[in-house]
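**Q** If you use this note's numbering, the sequence shown corresponds to residues 121 to 297, in order.
Calculated from the structure, these hints are not laboratory results. Please note that a few of the clues may not be correct.
Unchecked claim - With a straight-line cut-off of 27 Å between C-alpha atoms, the simulated DSSO-like cross-links for lysine-lysine are: (1) Lys198 - Lys171; (2) Lys164 - Lys134; (3) Lys192 - Lys171.
Claimed, not checked - Simulated DEER-style distance windows between Cβ atoms: (4) Glu228 - Pro265: 26 to 34 Å; (5) Lys170 - Pro200: 47 to 55 Å; (6) Gly144 - Ser264: 19 to 27 Å; (7) Lys238 - Asp156: 55 to 63 Å; (8) Glu228 - Thr195: 55 to 63 Å; (9) Lys214 - Gly143: 56 to 64 Å.
Note that beta-carbon positions come from the ideal geometry of N, C-alpha and C, so glycine has one too.
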Amino acid sequence: MASKRISKTAIDWKNLATKLGEGGKSQYRHIKGTIDGCLSRVNKYPEEIKKIDFAYYKSRMADPTMAAAFEKAYTALKVPYPEDSEKLIPEIEKELTTVDEENAVIVENLDGQINLYKEYIAVLDSLPPLEEITKEMALVYFPSPEIDIDRPAMYPFTPEVQPEASPSPLNYGGKKW
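Start from the sequences and build out the full structure, keeping to the hints where you can.
**A** The structure is reproduced here in structure tokens:
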């Protein structure tokens, strides 16, 4: 049947579904429905055209020479298979191999990032519950260059208001008390 013609372009639907994930279910259904519709339209036709029985027509027609002329024209007709006149197939195959290599590098990098994030999640899971973490523990677990425990900052966080800027404890922001 016609399925032999399309066997080279068969799609691994399970693999595609796993790669698309949950977010791509609607696109997956659309693609699968479209391709299944095309396949059903192609497969409803036979793989080869039925042979015309010209002997039957010659016996039934008043002038058998007309059937003979049709038979001669029909057998002489050859529909050519399209050729790659511009020789693009090797270029496309070369581009496909380069794209496959680039994709392999991208997948390898993404796998490394996924493993890094899995390690990060494991570290976060090993922390105490959020309700039990104090501010001091948060600074130890998540150090920040903006926050220095040894040099506390005061609101409004401008340099002239900070404790180290004023020699007197009564001098606040350049104002004398």
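**Q** Each of the hints needs a verdict: does it hold here or not?
**A** Hints, verified against the model:
no.	hint	verdict
1	Lys198 - Lys171	14 Å, holds
2	Lys164 - Lys134	25 Å, holds
3	Lys192 - Lys171	14 Å, holds
4	Glu228 - Pro265: 26 to 34 Å	33 Å, holds
5	Lys170 - Pro200: 47 to 55 Å	21 Å, violated
6	Gly144 - Ser264: 19 to 27 Å	38 Å, violated
7	Lys238 - Asp156: 55 to 63 Å	37 Å, violated
8	Glu228 - Thr195: 55 to 63 Å	57 Å, holds
9	Lys214 - Gly143: 56 to 64 Å	33 Å, violated
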